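Asks: Those sequence lines, one after another, are chains A and B.
For the first sequence, position 1 matches number 1 in the working numbering, and the numbering has no gaps at all.
For the second sequence, position 27 matches number 27 in the working numbering, and the numbering has no gaps at all.
Hints were generated in silico from the structure; no laboratory data involved.
It cannot be assumed that every hint is accurate.
For chains that are exact copies, the list does not tell them apart, and a pair is met inside one copy or across any two.
To be verified - Once the Cα atoms are required to be at most 20 Å apart in a straight line, the calculated SDA-like pairs of lysine to any residue come out as:
hint, residue 1, residue 2
1, K59, Q48
2, K59, T100
3, K59, G14
4, K109, Q48
5, K109, D23
Only a predicted model underlies this, so the values are computations on that prediction, with no experimental measurement involved.
There are 2 protein chains.
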Amino acid sequence: MSLLHALSVSPGSGEPIYRQLMDQIRRLAAGGQLQPGSEMPSVRELAQALAVNPMTVSKVYSLLELEGVLLRRRGLGMQVADQGAATHGQDERLALLRGTLQRAALEAKQLELEPAAVLALLQQLLEEKP
Amino acid sequence: MSLLHALSVSPGSGEPIYRQLMDQIRRLAAGGQLQPGSEMPSVRELAQALAVNPMTVSKVYSLLELEGVLLRRRGLGMQVADQGAATHGQDERLALLRGTLQRAALEAKQLELEPAAVLALLQQLLEEKP
DNA sequence: TATGCTGTATTGGTTGATTAATACACTAGA
DNA sequence: TCTAGTGTATTAATCAACCAATACAGCATA
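Let the hints inform the model, and build the full structure from the sequences given.
Replies: In structure tokens form, the structure reads like this:
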């Protein structure tokens, strides 16, 4: 899997770019798609791929190092930490998705949508290819 | 229904407050929970209830007036416009939820979660009382 | 008219996010 | 040693979001 393709940002979405990236990297680590010891793209590589400033990516890497998700190795590139990439159990991973699902549920209620229709659409989206 | 209780903001969520409010009001209008001709709370009322600045609420109201969702009436308070509150069909309302569900689906995939588990949790959240 | 509400205009300020540009320290390989 | 990469530090600037404070114009009521 090329991490450069797995990560994306929506600059106009209203959420800061650095947060989007942090969230995504956390999820990939929790889901086991980032293996302990594997190399992260360099700040310059990722910044170029995403068309953002290298210092923005550096900020992401710094904050994730503080969380224990990544290991910083100046001159060598960042690495996925053992702790950070420990694949979590399904319940823990579901808990990471809970916030987004709560938001979806709230929006569905504001829109007065039937649960069955909402669940059908989500199922369709879950089954689509990336 | 008290609109003051139906609206909320999460200031630390990373999404601008004014966008959160606009999104919510749009959804309530599309879902028929805001009736044409009904009164919106004053900018001061809503600002106080949400602990934000009145000019922030005024910005929301101005932008929604540009969209045709609200009608501005200086000195009289804002009103829900006819066009804005036209209850949309289910397909149109589902389309308004699609963005959030796509995000949820993407996050579930990043977390390597089984669709069945995701759908079960969303169903539970949809059935919970507000 | 006065009062109390309504939304708006305006000025000035703060904060967070993002960026450009430059330079430094570190690593690996030739 | 030099080169080419690595992440970091630093300065300065811009922009969006948000705010406080004040005042104005409009509306309704007494």
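Asks: Flag every earlier hint the structure violates by its number, smallest first.
Replies: Per hint list: 2 and 4 violated.
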